[in-house]
Structure formats: structure tokens, C-alpha cells
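First residue of the sequence shown: 8, per the numbering used here; consecutive thereafter.
Errors might be hidden in some of the hints.
Claimed, not checked - Straight-line alpha carbon distances no greater than 20 Å define the calculated SDA-like cross-link-like pairs of lysine to any residue that follow: (1) Lys38 - Ala66; (2) Lys57 - Glu78; (3) Lys58 - Asn79.
Hints in this document: simulated from the structure, not taken from any laboratory. Being a predicted model, the structure only gives us computed values, none of them experimental.
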Amino acid sequence: MFYNPKEFLEQDLRYKGPMRRRYDELLEIYKGYNIHRYNRGEWERIGAEKKDDDLIVEADTIEEIRQWLDENI
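All chains, please: the whole structure from these sequences, using the hints.
Written out as C-alpha cells, the structure reads:
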């Protein structure tokens with residue numbers, strides 16, 4: 008995995024304790040939501056979430072996540 012200091016800083020600032028490093032790669036921050044890639048068993052998923060918000064969105068592509076956030080946020 009390629010080391011990205013900005014990615015690790017974001018994870019350290021946003022998630023403390025057991026929540027730290029719960030995803031594999033931070034792709035971007037869109038409208039205040041972290042869009043990240045993670046593995047669920049044999050499937051790779053893309054999700055969006057905000058630290059202080061209970062909303063978690065999961066999809067197969069970044070475009071689906073952006074579209075959902077544009078329509079609902």
C-alpha cells in the first residue's frame with residue numbers, strides 16, 4: 008500500500024480509538040464526507056461517512072456516492 012501522509016493524518020484526526028484505520032484508502036473528501044475504499048470479505052466497496060453524522064452510504068463506484076450525496080444532502 009502506498010503511504011500517503013495526508014490520508015493517515017485525516018484518519019488520525021477524524022477517528023480515535025477503535026474507529027482508527029477502519030478503511031483501506033481515503034479517496035477524497037466530498038461535501039464534508041470521507042469517501043473511502045474498503046474490503047468486505049472478497050468484495051471491494053466504496054463508502055462515504057462523516058464523523059459526527061450517523062449517515063453511512065455504500066456503493067460500487069464513486070460516481071454513485073457523489074450522485075446520492077448531491078440528491079440527498
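- Message: Hint compliance check: list the failing hint numbers for this structure, sorted ascending.
- Response: none
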